[in-house]
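Student: So the chains spell out like this:
There are 2 protein chains.
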Amino acid sequence: MSTIFELGEKQSLSLALADLKPVESASIGSGDDAALMSSEDGNYLVSSDTMIEGNDFKFEFSQAFDLGWKAIATNYADIAAMGGLPTGAVVAIAVPATTKIEWLKKFVQGLQQAADHFAPGTGIVGGDLATSDHSFISVTVFGNLNGNAAVVRSGAKIGDGVYVGGTLGHAACGLDLLNHPDPQFAKSYNQFVDIQLRPNPPIALGMQAAAAGATAMMDLSDGLSSDATKLAQASSLSIDIESSKLIGYEAVLEQAAQSIAADARPWVLHGGEDHSLLATFSEGAEVPRGFKKIGICKQAEFPLTLDGAPIEPSGWDSVKVD
Amino acid sequence: MSTIFELGEKQSLSLALADLKPVESASIGSGDDAALMSSEDGNYLVSSDTMIEGNDFKFEFSQAFDLGWKAIATNYADIAAMGGLPTGAVVAIAVPATTKIEWLKKFVQGLQQAADHFAPGTGIVGGDLATSDHSFISVTVFGNLNGNAAVVRSGAKIGDGVYVGGTLGHAACGLDLLNHPDPQFAKSYNQFVDIQLRPNPPIALGMQAAAAGATAMMDLSDGLSSDATKLAQASSLSIDIESSKLIGYEAVLEQAAQSIAADARPWVLHGGEDHSLLATFSEGAEVPRGFKKIGICKQAEFPLTLDGAPIEPSGWDSVKVD
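Sequence order for the protein chains is A and B.
In case it helps, my numbering puts the first sequence at residues 711 to 1032.
In case it helps, my numbering puts the second sequence at residues 711 to 1032.
The following block holds chain A by itself, in its conformation from the complex:
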């Protein structure tokens, strides 16, 4: 098996990219200086995210396929969180020169299969391959609104219901299982480990929420407490979460939590990386199936309360990585 150093950039890319499919909304794809994308209503969404080895992923936990999948899933979630449908992405990756071409092929397969899964017909329209002792993956993603208005964080109004679409705490549970010295627990509860390694955000719900008139929305990448605080602050109000509404989210994690003597509540309340959707809808809105109500927008002194008592966000800061 050749390394990418032995093959050089051109041949490495042509081998690795063989598994990519054409992208519907790209009339010119990779190979030229830029890709040409189309948007029927003349508006397009753009978002970017970077995964750094050590901080955001570890090669000992993540297979190449998983990393490709996660790179697309997390970025597509940002488009969904604005009410858009993803159309494509550009991917810049740096890996050590000793990386096997087979690794790169698996990574690209992960990208493509995630694109197929979350938004068929979409995929990779450009990218960059470089060598570095310290690996990273930087993705920029595009999306169309198809005539809907973008749903921003700042639009929530007092009295709106606060809803979650998708899971809470699964990725955090998976990470704690992976970090446990005894590997049997990660095997026993692999459904949560899978979400940590290959997140499954509810991409199609984003556009449904926009069409249903969601007043504000964002994706839950840093954790419910941290992200709900951001949404509340952007909308200049307070979000009160009803703890009884979290019980269902905790119940599915309970067994896994007990197995490693952990507590499910912090995973649900503070755990990030499920990339579910946090949205607000005004009373009487026809909230799409898939969203569950967990609280309400109020006027209060603190941005976030649980059953009326202030709670501190406990989030993820990409600069303050240990």
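Some clues are possibly wrong.
Listed below are the simulated DSBU-like cross-link pairs for lysine-lysine, each with C-alpha atoms no more than 35 Å apart in a straight line [unchecked claim]:
no.	chain 1	residue 1	chain 2	residue 2
1	A	Lys-720	B	Lys-955
2	A	Lys-731	B	Lys-867
3	B	Lys-720	A	Lys-940
4	B	Lys-768	A	Lys-720
5	B	Lys-1003	A	Lys-720
6	A	Lys-768	B	Lys-816
If we take Cβ atoms under 10 Å as the criterion, some of the chain A residues that face chain B in the derived model are [stated by the list, open to error]:
no.	residue
7	Asp-742
8	Gly-752
9	Gly-764
Worth flagging that the hints you see were computed from the coordinates, not collected in a lab.
Keep in mind it's a predicted model, so treat the numbers as computed, not measured.
Note that beta-carbon positions come from the ideal geometry of N, C-alpha and C, so glycine has one too.
Let chain A serve as the given structure and place chain B on it in line with the hints.
Tutor: Structure of chain B alone, referenced to chain A:
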């Protein structure tokens, strides 16, 4: 002066981003999950490029401002090379946790001033800040065609003239001056060092070329021999460069070359990073001022010839970095 680790991501960004201006074609800028861009004709160009410490830049040579400038200049050149006008960019950067906030502010000023210089009203619509011992800068750029057709690499026809817009060999000369053990030469010929550190590609020429009906175009990032070979191969023909047409490009570099006992010809023929434009126009086209004819598209066995004799491309491979 605080480090970004002491400040955290949120405060670091809010301090560093204070110098950013609103972007005309972005109706929602950074701060939400995605930015919302507009394109009057419903088409938009997308390109991405990554600069890695050690491979693509060195902190000992490049100031923060220079890196910001270069990140925008090189990416805007990719949009120009398709015949488009840049509208904005997202920038992901990873730097050591010990980086001073002042460094980050200067970097952002470089981004903004380059955007102002190359395409007023454009700028940064999103990004990402992370810490890593090994630094990198990953930029994705967007552009509009304003109704023109995109100019690809594969459109050149036999008989078309081959043109260069912008300088050749300046950045390569600058790099050799910087690498010379005696720093006085870099000081004496700082105009070439400046192009290596803060490239000045002819961005507006790209859209002019598209409007004038350029049959093919690309930016000269890897060097004339390497990039002309790529354009010829993409168009399934051969490019013959007339050596007499390179004399003018060599003449301006002659004194600097002599000062360090170097040869100007390889800089002009093989040196990359000026990010000038290589374009083909059919006979009789009204070629925009700023393009100079250097050769012709022919049918021949080899993709690239100089005065009829085959030459090997000598380029840059981002994987085979020494």
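Student: Just pull the numbers of the violated hints for me, sorted ascending.
Tutor: none
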